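Visitor: If you want the building blocks of each chain, they are given just below.
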Amino acid sequence: MSSPTVKIQGAVAVLSPSGRFTSESHTAFKEASYPLVENPSVTTICIDLATVSYMDSSSLGSLLLLREKATAKGKKVTLRNPNPTLLPTLKMIKFDKLFETSNT
Amino acid sequence: MRILVAEDDAATRLLIRRVLEKEGYEVTLAFDGLDALERFAQSAPDIVITDFQMPRMDGLQLCRALTVARGERFVPLIMLTGGQDADLLHNSLEAGALEFLNKPIRPDELVARVRAIAAMSAMHFTLANNQEETLGEIAIVKHLLERLTSPGLKLMPPGFAMETLQTRRINGDACSYLRGIGGNHFGLLCDATGHGLVAGVSTLPVLETFQTMASRDIPLESIYREINTKLCRLLPSDRFTCLIMFRLDPEMGILTVLNAGMPDVFLFRGDSQELRVFTSRNFPAGILEDQGEIEVEDVAVVSGDRLFACSDGLLDLFAEPILRKRFLRRGTRYSAAEDQAWLRNTLRVSLKNAEQHDDLTWALWEVPPPMPLDLGQDPLLPPTETVEGLALQFDLDPRIHGVRDLVPNILGLLGYKGVPSATLQKLGIVLTEGLDNAVDHGLLGLQSTLKAGGFEDYEARRKEALDAHGAGLARCRLALHYTPGAVPILHHLRVNISDDGPGFDWAAHAQSTGPGELAPHGRGILLMKALTADFQFNEAGNAVSFTLAC
Numbered sequence: 001m002s003s004p005t006v007k008i009q010g011a012v013a014v015l016s017p018s019g020r021f022t023s024e025s026h027t028a029f030k031e032a033s034y035p036l037v038e039n040p041s042v043t044t045i046c047i048d049l050a051t052v053s054y055m056d057s058s059s060l061g062s063l064l065l066l067r068e069k070a071t072a073k074g075k076k077v078t079l080r081n082p083n084p085t086l087l088p089t090l091k092m093i094k095f096d097k098l099f100e101t102s103n104t
Numbered sequence: 001m002r003i004l005v006a007e008d009d010a011a012t013r014l015l016i017r018r019v020l021e022k023e024g025y026e027v028t029l030a031f032d033g034l035d036a037l038e039r040f041a042q043s044a045p046d047i048v049i050t051d052f053q054m055p056r057m058d059g060l061q062l063c064r065a066l067t068v069a070r071g072e073r074f075v076p077l078i079m080l081t082g083g084q085d086a087d088l089l090h091n092s093l094e095a096g097a098l099e100f101l102n103k104p105i106r107p108d109e110l111v112a113r114v115r116a117i118a119a120m121s122a123m124h125f126t127l128a129n130n131q132e133e134t135l136g137e138i139a140i141v142k143h144l145l146e147r148l149t150s151p152g153l154k155l156m157p158p159g160f161a162m163e164t165l166q167t168r169r170i171n172g173d174a175c176s177y178l179r180g181i182g183g184n185h186f187g188l189l190c191d192a193t194g195h196g197l198v199a200g201v202s203t204l205p206v207l208e209t210f211q212t213m214a215s216r217d218i219p220l221e222s223i224y225r226e227i228n229t230k231l232c233r234l235l236p237s238d239r240f241t242c243l244i245m246f247r248l249d250p251e252m253g254i255l256t257v258l259n260a261g262m263p264d265v266f267l268f269r270g271d272s273q274e275l276r277v278f279t280s281r282n283f284p285a286g287i288l289e290d291q292g293e294i295e296v297e298d299v300a301v302v303s304g305d306r307l308f309a310c311s312d313g314l315l316d317l318f319a320e321p322i323l324r325k326r327f328l329r330r331g332t333r334y335s336a337a338e339d340q341a342w343l344r345n346t347l348r349v350s351l352k353n354a355e356q357h358d359d360l361t362w363a364l365w366e367v368p369p370p371m372p373l374d375l376g377q378d379p380l381l382p383p384t385e386t387v388e389g390l391a392l393q394f395d396l397d398p399r400i401h402g403v404r405d406l407v408p409n410i411l412g413l414l415g416y417k418g419v420p421s422a423t424l425q426k427l428g429i430v431l432t433e434g435l436d437n438a439v440d441h442g443l444l445g446l447q448s449t450l451k452a453g454g455f456e457d458y459e460a461r462r463k464e465a466l467d468a469h470g471a472g473l474a475r476c477r478l479a480l481h482y483t484p485g486a487v488p489i490l491h492h493l494r495v496n497i498s499d500d501g502p503g504f505d506w507a508a509h510a511q512s513t514g515p516g517e518l519a520p521h522g523r524g525i526l527l528m529k530a531l532t533a534d535f536q537f538n539e540a541g542n543a544v545s546f547t548l549a550c
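In order, the protein sequence lines correspond to chains A and B. Quick note: the numbering used here has the first sequence finishing at residue 104, numbered continuously throughout. Quick note: the numbering used here has the second sequence finishing at residue 550, numbered continuously throughout.
Simulated from the structure, these hints should not be mistaken for lab results. All of these numbers come straight from a predicted model, not from anything done at the bench. Do not rely on the hints blindly, as some may be mistaken.
Once the Cα atoms are required to be at most 27 angstroms apart in a straight line, the calculated DSS-like pairs of lysine-lysine come out as [claimed, not checked]:
1) Lys154(B) - Lys142(B)
2) Lys94(A) - Lys76(A)
3) Lys75(A) - Lys7(A)
4) Lys91(A) - Lys230(B)
5) Lys230(B) - Lys94(A)
6) Lys7(A) - Lys97(A)
7) Lys230(B) - Lys97(A)
8) Lys97(A) - Lys76(A)
9) Lys30(A) - Lys91(A)
10) Lys230(B) - Lys69(A)
11) Lys94(A) - Lys69(A)
12) Lys230(B) - Lys73(A)
Sample of chain B residues lacking proximity to chain A, with all beta carbon distances greater than 12 angstroms (derived) [unchecked claim]:
13) Tyr25
14) Val68
15) Ser121
16) Glu132
17) Tyr334
18) Leu446
19) Arg461
20) Thr483
Derived, one-sided and incomplete: chain A residues facing chain B with beta-carbon distance under 10 angstroms [unchecked claim]:
21) Asp56
22) Ser57
23) Leu60
24) Gly61
25) Ser62
26) Leu63
27) Leu98
Even glycine gets a Cβ: it sits at the ideal position worked out from N, Cα and C.
Whenever a hint applies, use it, and build me the whole structure from the sequences.
Guide: Quick look at the structure:
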């Protein structure tokens with residue numbers, strides 16, 4: 001995975017990882033997402049999974065960590081556009097109930 | 001760092017020694033190849049520098065000999081050569097040399113080469129040590145997992161198969177089987193996130209909690225809650241564990257499944273070819289400390305039904321869905337043993353073909369037939385003079401407390417008081433059955449024939465009746481009888497179960513229920529009668545008493 005791109009639109013920051021999102025992506029994901037938690041104008045961090053082809057269990061853990069940090073600051077983490085192979089797994093572990101999940 | 005130098009020319013030998021010793025290396029000198037080989041064992045050098053041309057044994061021969069002598073240890077060999085002849089260099093590399101130095105020796109070049117090689121050697125040494133340490137740690141965790149799971153798996157009844165096929169690493173998969181104090185079968189499949197030691201270590205509290213609680217026949221929801229709380233507190237927040245738990249009560253014909261983040265569990269119906277799917281309905285353990293309601297599914301099962309579950313290592317790619325499809329098509333055409341053998345074989349082959357894959361855990365259980373009932377005469381224990389050493393008595397309001405989680409705790413206490421496990425197993429069955437009867441039929445007035453309409457339907461009717469239920473209790477008294485003497489010995493348990501309901505016509509029931517009608521719902525009283533002695537109803541039919549030998 002290359003570094004995720006970040007777009008801030010008002011109070012919503014959209015973070016888009018791409019390709020394989022695995023344990024090796026953790027540092028890049030952390031570096032891109034944690035500043036958003038600290039950014040006072042951002043209230044929602046939206047992870048756009050449209051171009052993510054694969055996630056391993058460590059990357060799911062990265063989402064949990066981010067959620068924990070954001071919740072502590074009163075912010076929300078949401079998921080967007082998981083591809084059809086990803087969605088069943090997210091549902092299996094009920095991540096769709098833990099993170100607001102939508103398609104655009 | 002120690003360096004062995006093989007050089008027949010005294011001047012060169014001394015030059016090398018002077019330069020290297022000034023750099024702080026410990027130097028051993030040899031006059032030729034043979035001498036070097038002899039000194040190699042005792043001086044155990046980290047680096048060897050050898051001349052190409054020497055009497056008795058030349059540089060090439062020495063390199064070849066040292067490649068054997070050093071074994072697994074990494075000892076870089078530096079060859080001193082007179083020129084850049086391509087063949088010579090090629091032969092030296094073939095023989096095991098790693099680096100070259102041109103003669104005549106230039107001290108600065110010698111120092112630079114040796115420094116570079118020494119750094120590489122040190123790094124190699126550290127890596128090798130780390131690997132050894134990691135392998136050691138992995139071995140410890142594997143040993144612990146093995147110790148925790150294998151004794152139980154060895155006790156699985158025929159018709160049950162369950163195993164974890166491990167890769168070389170630890171990937172956080174584990175499975176466990178045990179029989180609870182009341183005779184129910186419990187199974188666990190779990191898959192912790194991530195790889196390596198952390199994944200392995202996080203399965204330990206899962207296994208330990210499962211085994212402690214399941215052995216006491218505690219309901220799956222409570223076991224799951226406890227595991228979840230432990231993982232939330234013990235593990236960092238990016239770690240979680242997916243799991244499946246089963247509880248199979250072959251006497252009552254009830255299977256309970258709890259799926260938290262694992263792939264679908266399948267139940268193949270032996271008779272109807274119907275397929276029941278248990279999809280994950282709960283969060284994996286270790287994510288949310290307060291999950292709200294835990295969802296379990298209860299289904300009625302009969303002997304011959306088959307349960308299949310497996311892990312898929314979350315998103316790690318593996319051909320497992322294909323396997324599952326193939327398996328589904330097979331249904332129950334083959335015997336459980338044939339299916340288990342087929343599955344084992346198929347998995348082994350696909351694991352061998354897939355290089356980078358996750359662990360895989362699977363379970364295939366065939367529901368065993370209920371205990372054969374001896375419907376002959378009611379056995380009477382020979383009269384013996386005994387005294388009550390301990391009596392437990394309780395009244396239960398079904399609007400507030402259930403029977404299911406009460407029984408295991410009573411069994412646990414009696415086990416602690418010395419009641420043997422064979423007696424506890426029977427007591428678990430008859431106590432559950434007796435209290436269920438007192439509540440469902442005695443107090444709530446539900447007919448047992450309702451159960452034939454399906455478990456879910458029965459549960460719905462039961463809930464309605466419970467909501468409409470006024471006062472009225474189920475009552476139970478358990479007495480432990482001992483033979484008196486200097487050392488009192490536990491002789492038997494006498495149990496009375498009654499309810500505030502109007503009672504039922506037990507004499508007519510006994511007439512109408514022949515041995516042919518052994519559907520699980522009609523078996524209750526027969527089962528109780530068969531497992532106990534001195535089985536009696538009162539006149540009204542709202543109290544039953546029986547004895548269990550110890």
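Visitor: Holds or violated: Lys91(A) and Lys230(B), Cα atoms, limit 27 angstroms.
Guide: 24 angstroms, holds
Visitor: Between Lys230(B) and Lys73(A), does the CA-CA distance stay at or below 27 angstroms?
Guide: Holds, at about 25 angstroms.
Visitor: Would you settle whether the hint for Gly61(A) is holds or violated, based on the nearest Cβ-Cβ distance to chain B being less than 10 angstroms?
Guide: 3 angstroms, holds
Visitor: Next item in the hint list is Leu63(A). Is there a CB on chain B closer than 10 angstroms to its CB?
Guide: This hint holds: Leu63(A) lies near chain B, its Cβ roughly 8 angstroms from the closest one there, short of 10 angstroms.
Visitor: Going straight from one Cα to the other, do Lys230(B) and Lys69(A) come out at no more than 27 angstroms?
Guide: This hinted pair holds, its Cα atoms lying about 21 angstroms apart.
Visitor: Against chain A, does Tyr334(B) keep a CB gap of more than 12 angstroms to every residue?
Guide: The claim stands: Tyr334(B) keeps its Cβ more than 12 angstroms from every Cβ of chain A (closest is about 29 angstroms).
Visitor: Need the status of pair Lys30(A), Lys91(A): alpha-carbon distance at most 27 angstroms?
Guide: Between Lys30(A) and Lys91(A) the Cα gap is close to 24 angstroms, so the pair holds against 27 angstroms.
Visitor: Closest CB-CB distance from Leu446(B) to chain A, is it above 12 angstroms?
Guide: 34 angstroms, holds
Visitor: Would the non-interface assignment of Thr483(B) survive a Cβ cutoff of 12 angstroms against chain A?
Guide: Holds, since 56 angstroms exceeds 12 angstroms.
Visitor: Taking the minimum C-beta separation from Val68(B) to chain A, is that value above 12 angstroms?
Guide: Non-interface label stands for Val68(B): nearest chain A Cβ at 40 angstroms, farther than 12 angstroms.
Visitor: Is it true that the CA of Lys7(A) sits at most 27 angstroms from the CA of Lys97(A)?
Guide: Holds - the C-alpha atoms of Lys97(A) and Lys7(A) are around 25 angstroms apart, at most 27 angstroms.
Visitor: Mind checking the alpha carbons of Lys97(A) and Lys76(A) for me, to see if they're no more than 27 angstroms apart?
Guide: Between Lys97(A) and Lys76(A) the Cα gap is close to 13 angstroms, so the pair holds against 27 angstroms.
Hint compliance for this structure: no hint is broken.
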